[in-house]
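These protein sequence lines map, in sequence, to chains G and P.
Position one of the first sequence corresponds to residue 716 (this note's numbering), numbered consecutively onward.
Position one of the second sequence corresponds to residue 89 (this note's numbering), numbered consecutively onward.
I should point out that these hints are in silico values taken from the structure, not numbers from a laboratory.
Check before you lean on any hint, since a few could be wrong.
Straight-line C-alpha distance at most 25 Å; calculated SDA-like pairs for lysine to any residue [said to hold, decoys possible]:
id : chain 1 : residue 1 : chain 2 : residue 2
1  : P       : Lys241    : G       : Lys823
2  : G       : Lys829    : P       : Glu430
3  : P       : Lys210    : G       : Phe723
4  : G       : Lys829    : P       : Thr170
Pulled a few chain P residues facing chain G out of the computed Cβ check, cut under 7 Å [stated by the list, open to error]:
id : residue
5  : Pro126
6  : Val276
7  : Ala288
Quick look at which bits of chain P chain G covers, simulated, 3 or more residues with Cβ under 8 Å [as the list claims (entries may be wrong)]:
id : segment
8  : 199–205
9  : 294–305
10 : 348–360
11 : 399–411
Bear in mind the structure is a predicted one, so any value in this text is a computation, not a measurement.
Glycine is no exception: its CB is placed at the ideal position from the N, C-alpha and C atoms.
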Amino acid sequence: MIDPIALFLLLLSASTPILFAALGELVVERAGVLNLGVEGMMIVGALSGFATAYYSGNAFLGFAVAALAGALVALPFAILTQFLMSNQVASGLALTLFGLGLAALFGKPVEGVKAPSMAAGPLGLNWIVWLGLAMVPAIWWFLNRSRTGLILRGVGENHDAAHALGYDVRRVRIAAIAFGGAMAGIGGAFISVATVLQWTEGMTAGAGWIALAIVVFSNWTAVGVLAGAWLFGGVTVLQLRLQAAGVRVPVQLLSMAPYLATIIVLVAISARQKFSRRAGGAAPGSLGQDFHALR
Amino acid sequence: MNRRQLIASVAAMTTISLALPAWAQDEPLKVGFIYVGPVSDGGWTYQHDQGRLAVEEEFGDRVETTYLESVPEGVDAERALTQLALAGNDVIYATSFGYMDAVINVAAKFPDVKFEHNTGYKRADNVGTYDGRFYEGRAVTGTIAGRMTQSNKIGYIATFPIPEVIQGINSAYIHAKKVNPDVEMRVVWAYTWFDPAKEADAANALMAEGVDVILQHTNSTAPLAQLQQQGKIGFGQASDMASFAPTPRVSSVYNNWGAHYVKSVGRILDGTWQPEAVWGGIGDGIVAIGEITEAVPAEVKAEAEALRDKIAAGEYHPFTGPLNKADGSAWLAEGQTATDEELSGMNFFVEGINAELPQ
Chain G
716 MIDPIALFLL LLSASTPILF AALGELVVER AGVLNLGVEG MMIVGALSGF
766 ATAYYSGNAF LGFAVAALAG ALVALPFAIL TQFLMSNQVA SGLALTLFGL
816 GLAALFGKPV EGVKAPSMAA GPLGLNWIVW LGLAMVPAIW WFLNRSRTGL
866 ILRGVGENHD AAHALGYDVR RVRIAAIAFG GAMAGIGGAF ISVATVLQWT
916 EGMTAGAGWI ALAIVVFSNW TAVGVLAGAW LFGGVTVLQL RLQAAGVRVP
966 VQLLSMAPYL ATIIVLVAIS ARQKFSRRAG GAAPGSLGQD FHALR
Chain P
89 MNRRQLIASV AAMTTISLAL PAWAQDEPLK VGFIYVGPVS DGGWTYQHDQ
139 GRLAVEEEFG DRVETTYLES VPEGVDAERA LTQLALAGND VIYATSFGYM
189 DAVINVAAKF PDVKFEHNTG YKRADNVGTY DGRFYEGRAV TGTIAGRMTQ
239 SNKIGYIATF PIPEVIQGIN SAYIHAKKVN PDVEMRVVWA YTWFDPAKEA
289 DAANALMAEG VDVILQHTNS TAPLAQLQQQ GKIGFGQASD MASFAPTPRV
339 SSVYNNWGAH YVKSVGRILD GTWQPEAVWG GIGDGIVAIG EITEAVPAEV
389 KAEAEALRDK IAAGEYHPFT GPLNKADGSA WLAEGQTATD EELSGMNFFV
439 EGINAELPQ
């Protein structure tokens, strides 16, 4: 018999990397920037976090460095899109490719070595899992209850109005991009430092793209991101768990369940928006648009 | 270089090599490889590259090797193979199943270049194939798994329902059952060769079911990392994964392609190469069993090594009857062994495996 509590604990671990990356991207998109480089920032975080944990013997230091590295690698994207007015989609894709290549190149010396194991936190879960859960109310509070969050949302909804009010649109956006990079970096490091304990090229295996989808799925809310990460992680874990229990369900059906569930919810959300006559849903008004101050 | 210059130089090279065969023989044999992943993957491609290095070690100045890594299967493979052929390679090893049609197409354009395709089944006058009998290794690790499990539940993280993987599951189960009649096998299909996060989830799902020994067909170390955290054991796959020894990695099944490459290049050098279908196992050195660590009791280790040696010597076939299929129908009679044709088309579980086999 499948123990639902044990399953829930598995779900919490499994959804942590995408939860971090998606929360970071949520803040970036609420500031009006579409950064498709999540996968690239995650893999850079995975490598730098792993290398730091390996050389220093301290896994927590690894996560701190991963956050820093994720933010740093996002900076070229920030400069390209905020100062040089480059296309955000193309720059974000370039960031993914750049991150994958950069990590592959610098990862050579730490191939085949093993990270130190981490002491588990409450309920046998990694401390980073708890940190991820704590980030959900923190980001909700920041976006909806803090003054800085209000400014950030204002920049994302209408950058011209925010600029007219005297807010520095670029500075807000660069800070958001750096934060998004840091969160993606931690998410990536969770895979290398806490889950696999080794570095391998391409080890994030598309988690960044799922994180991007979850932000849309969440309707740009922190609670929605948590729900999306849990749904995706939960269905993944559940289908593997059902297989392990020897339940005779067609395996192909189980394997496509996470993707199927995601699509169904996306359709449900857009249908609801259609009936509420709110075109565009909750997407920030200036999402993906270049900002150029004319005055 | 524009196209005209390219054609001219290729024509010139061809003329020189045709006109001066004696001179060409003094040149080193050029050996090309194309890899589907990065050399650093620590698994499949890494082991092929170790094979390439073994060729260099063995033949020294008589060979010159090059490789192209991370070549996607499909149209790009044809371009990469053509590039290697134009660069004057005398033999090209294509190391992934998905290169099959590209190899056949390019080989038809370069009849003087020899090709060998890994894990495929299409051959031509200048195209041979080579593969490993990985199920032989899984007979050994299955034996260890059956002896080591305390919960009598062993798990298998499977990739795709193809004959190679099904052979592995069946072989592991048959030999675990042989030494431990109470053993149960749990199978999880991950539908990936390499996705660390998903492999970790699969390992956790199996352990939540009470499994305490896991065999994996996927290529990352993620399942071993999870096993370690819970004090359970598993085996290295594709490469030795020795950094997880002595526990959780108590042994491994890995691919030692060097054994084949050295033999194959040697035959090309002495002119006896033929396009063959090589399917080598432990005896040929292509499938290797990693060191069995001290976490395994000495008598179990001795038993596993005895089995390994019997398979290597050809005295024992891992699929020897009596064996029934999972649906209860008879497969092999007492003492009868499976033919290679049956194995290469295997699409059923043997009796006793209670798991879904996607068709």
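Cut-off 7 Å, beta-carbon criterion: hint that Val276(P) touches chain G: 5 Å, holds
Agreement of Lys829(G) and Thr170(P) with the hint, judged by alpha carbon distance not exceeding 25 Å: Outside the cut-off at roughly 39 Å; violated.
Three-residue Cβ test at 8 Å for the coverage of the segment 199–205 of chain P by chain G: violated (count 0)
25 Å limit on alpha-carbon distance, applied to hinted pair Lys829(G) and Glu430(P): Roughly 41 Å separates the two Cα atoms, so the pair is violated.
Evaluation of the interface hint that places Pro126(P) against chain G, nearest CB under 7 Å: With a closest approach of 5 Å, the Pro126(P) hint holds.
Restraint status (C-alpha distance of Lys210(P) to Phe723(G) at most 25 Å): 47 Å, violated
Agreement of hint Ala288(P) with chain G interface, Cβ distance less than 7 Å: Ala288(P) check passes; min Cβ-Cβ to chain G is 5 Å, inside 7 Å.
Restraint check for Lys241(P) with Lys823(G), where alpha carbons must lie at most 25 Å apart: 38 Å, violated
Annotated coverage of the segment 399–411 of chain P by chain G, confirmed only when three residues or more have a Cβ within 8 Å: It is violated, with 0 qualifying residues against the three required.
Coverage of the segment 294–305 of chain P by chain G, judged on three or more residues with CB within 8 Å: holds (count 4)
Coverage assertion for the segment 348–360 of chain P with respect to chain G, Cβ distance below 8 Å, three residues required: Coverage by chain G is violated for the segment 348–360 of chain P (0 residues, Cβ < 8 Å).
Violated hints, in rising order: 1, 2, 3, 4, 8, 10, 11; the structure is consistent with all others.
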